[in-house]
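Residue numbers (full-length UniProt numbering), protein chains in the order written: chain A, 1 to 422; chain B, 1 to 405; chain C, 1 to 82.
Bear in mind the hints are in silico, worked out from the structure with no lab data behind them. Do not take every clue at face value.
Under the rule of at most 20 Å between Cα atoms (straight-line distance), these lysine to any residue pairs were calculated in the SDA-like manner [said to hold, decoys possible]:
#	chain 1	residue 1	chain 2	residue 2
1	B	Lys124	A	Pro97
2	B	Lys124	A	Pro42
3	B	Lys179	A	Arg290
4	B	Lys179	A	Asn2
5	B	Lys179	A	Glu185
6	A	Lys63	B	Asn211
7	B	Lys124	A	Trp128
8	C	Lys12	B	Lys124
9	B	Lys179	A	Lys63
10	B	Lys124	A	Asp181
11	C	Lys12	B	Glu29
12	B	Lys179	A	Gly186
13	A	Lys314	C	Arg70
For reference, the chains in residue letters:
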Amino acid sequence: MNRRVVITGMGVLAPGGTGTKAFWKLLTEGRTATRRISLFDPSPFRSQVAAEIDFDGAEHGLKPQETRRMDRATQLAVVATREAMTDSGLEDREFDPHRTGVTVGSAVGATMGLEQEYRVVSNDGDSWLVDHEYAVPHLYNHLVPSSIATEVAWSVGAEGAAAVVSAGCTSGLDSVGYACDLIREGTTDVMIAGATDAPISPITSACFDAIKATTPRNDDPEHASRPFDGTRSGFVLGEGAAMFVLEDLESARRRGATVYAEIAGYASRCNAFHMTGLRADGREMAEAVRIALNEGGLDPTDIDYVNAHGSGTKQNDRHETAAFKRSLGEHAYRVPVSSIKSMVGHSLGAIGSVEIAASALAIDNDVVPPTANLHEPDPECDLDYVPLTAREQRTRAVLTVGSGFGGFQSAMVLTGADRRSS
Amino acid sequence: MSAPVVITGVGVTAPNGLGTRDYWSATLEGRSGIDVVSRFDPEQYPSRLAGEVPGFEPTEHLPRKLIPQTDHMTRLALVAADWAIADAGVVPEELSEFDMGVVTASSSGGFEFGHRELQNLCAKGNEYVSAYQSFAWFYAVNTGQISIRNGMRGPSGVVVSDQAGGLDAVAQARRQIRKGVELVVSGGVDGSICPWGWVAQMAGGRLSPVNDAERAYLPFDSEAAGHVPGEGGAILLVEDREAARRRGADDVYAEVAGYGATLDPPPGSGREPGLRRAVELALRDASVGPDEVDAVFADAAAVPELDRVEAEVITELFGEYGVPVTAPKTMTGRLYSGAAALDLVAAVLAIRDGVVPPTVNVSGAPEYALDLVVGSPRAADLGTAMVLARGQGGFNSAMIVRRPD
Amino acid sequence: MSGQEITIDDLKRVLTEAAGVEDGVEIGSDSLDTEFEELGYDSLALLEVAGRIQREYGVELDDDTATSARTPRLLLSAVNGG
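Chain A extracted, bound-state conformation:
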């Protein structure tokens, strides 16, 4: 089969406002949602800043038993899924449950729920032999994060192939890439695909502190995420979820669905170098970009906008700049490149899907979101990073990339659905 996969529905829960509209408004206004951590007392930590969502599952219609058994990451995914389903206009009776699958990307699964429950069964770390009498019945769902895929599937009635895809911080791209493969090979017709992570918890903050990956810019939380800026000092931890309804183009057209964008190409490569380190030359990311473009039948010069990983760590932003030059050639200097992590932080496994949403919205609106807080570019980051202000421009093809611990490098190309003839 040679099916083309399109996004027909979208649900985004990102810092700074829930729902796709609020998300896009934040991005296009160039506002930041980073702040001092409120989910726990951050005072003992090196990095005390995060991009949090003001989220209460009950306000989004989750029942008491759902909010009890679901970790925050699961709740975000389920609520984002509902928005995506409504947005897609895909009514219950219109899709075949057996031909509808689910993939959810997540780097750290139910890490918040696990930490909370650990504190109880261990009595705050008193004993290695934790007490099972204090374990909650849904603890198993936190242990194995495939429970997120189950909850998403059951919330919409999908009974096709389902899985959580976990590849560190590229999970959100890889999950959607995996879903596209299932539609293209004919295994499913519809995929509920996307990603979620809710990692803002002491254990996550502590481990990123230990490797000095997150920023210590605690006195200026709103401007703490500074991708490509010379003063950047690490990423800002975030949380979020973005879920999509993906369909093959023909059936989407048949039912008259609104199409945001086509997923034209995707590839992932691994640097096989270091669990946390990156090689300066960006070779593997460049290879992923090359293959993704190839799969989409696009030349580098077709790309109108690059949605960067742009985490704001010293090594990432240089690595990535090198990868763009390597894969796009001279076009790298002409195409606008921006990092929305400057505004919504880095939600680990979720961010790839959140950035797919931003890329699709850029196509849908012909607007490129900016890189906030970019005042003095790092001399080694010498591309057009769209500082501070969004840019209206015709946007037909977008490249979005991700880079993650484990050495994962992924790239995806989205196009306006009318970009290619059928």
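Since chain A is already given, all that's left is putting chains B and C on it; use the hints.
Coordinates of chains B and C only, in the frame set by chain A:
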């Protein structure tokens, strides 16, 4: 259609045998690796049995500097990968780095590592959390470490679907090969046998409360009361048949011929569970009829309701007593994402040797009408075998492997 | 700075606990000027080492010192306030 995707190498770290040879001889002899937990004192817990990998001394196999940054299950996975690669005769340096990928399954990551760091966090303070916590516990760790150790830079990733994951990872490996990669290191090695993992597993409600090693895990038996968990699993070298030939590997274990995956409907929906559809999809994908399947390696949940569903699917599609069914995992316990990967190894070795390994300790309950291979192995000319795997949360996967042409 | 001077033997122990020892590598006064990279320690290992030194000896190293000290001598000198 593209060239067949084949399994050219296997590496095993199982509770009843470290290394493929030990595992397979123990399995054919019906030797179990289930015993009282030794990795911690299980006295205070209702369930106290596990399948632990015996005789594993990591520094005999791995550089010492990998030890502080790895969980126990990652060390097992790295060694299983080394063995699978060697078994296939693959020398990674001689192949194109972007043509080799790594796709493994995970269920709970490096949970014991995470347990230790949570204790450091809570008992001592946040500055006591290890720098390695940033990756040593997460789900993608085995794939990342295997790719680094072997210089594999192709498409890589991790699938999490509870106990179905071992098959889903191999299916994803096959997908990557069909898209043009030459080989993928796949399968799953798992384990969360630490007190924190133990308590979380018990919360799932499926651990057997029986603490007699021979009576604890009895799938398809009238005394079925849940399972015994284990650690370990298998790594498989999955390869494009033509690419394998080009590098001179004519001898392959089996072809990955068919696969299907589904999710059960929500509990209480009244809709049919998804296992039958997974099997049907796998049969269709392999273009084989039920009569061509020579053995079924069952999921064998040992939860009566789940056993019934699986037995019904098998008898409805293959007939009552219509196909030999076995569950060698009765000798290892259920290994989470390692379970189905290990069953896949058992299936390809069964095809190679013309023998169905036994299910131990079980006398099949007559109402299931299964031709359960119990007690001792059964010689059989096996051309095609099917592996079934189910994960908590409704995951169903089926994979068909067959003797190479 | 606490009064206690950290020696190469202390550092060897911390290195070993934090990041193991590569086969064939012996850390001692002979390796004071051998680069960490050559001894088999990458920047991540040195961050883990820095964390342990901070916990055990109460010496806080600033962000760059931990990973920019290229040899045991330079790291010891930074830790001991040299």
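Consistency of the hints with the structure:
Taking the CA atoms of Lys124/B and Pro97/A, the gap is near 49 Å; set against the 20 Å cutoff, the hint is violated. For a cut-off of 20 Å, the pair hint linking Lys124/B to Pro42/A stands: about 16 Å separates their Cα positions. Taken as a hint, the Lys179/B and Arg290/A pair is honoured in the structure, with Cα atoms around 15 Å apart against an allowance of 20 Å. A C-alpha spacing of about 13 Å is found between Lys179/B and Asn2/A, which places the hinted pair at or below 20 Å, so the restraint holds.
As the CA atoms of Lys179/B and Glu185/A are separated by approximately 11 Å, the hinted pair is consistent with the 20 Å bound. Restraint check for Lys63/A and Asn211/B: not satisfied, since their Cα atoms lie roughly 38 Å apart, outside the 20 Å limit. Distance hint between Lys124/B and Trp128/A is fulfilled; the C-alpha atoms sit about 13 Å from each other, no more than 20 Å. With a C-alpha separation of about 24 Å, the suggested pairing of Lys12/C with Lys124/B is violated against the 20 Å cut-off.
In summary, the hint linking Lys179/B to Lys63/A is not supported, as the alpha carbons are separated by about 43 Å, beyond the 20 Å threshold. Under the criterion of a C-alpha separation no larger than 20 Å, the hint pairing Lys124/B with Asp181/A is inconsistent with the structure, at around 46 Å. With a C-alpha separation of about 48 Å, the suggested pairing of Lys12/C with Glu29/B is violated against the 20 Å cut-off. As the CA atoms of Lys179/B and Gly186/A are separated by approximately 14 Å, the hinted pair is consistent with the 20 Å bound.
A C-alpha spacing of about 19 Å is found between Lys314/A and Arg70/C, which places the hinted pair at or below 20 Å, so the restraint holds.
Of the numbered hints stated above, those contradicted by the structure are hints 1, 6, 8, 9, 10 and 11, listed in ascending order.
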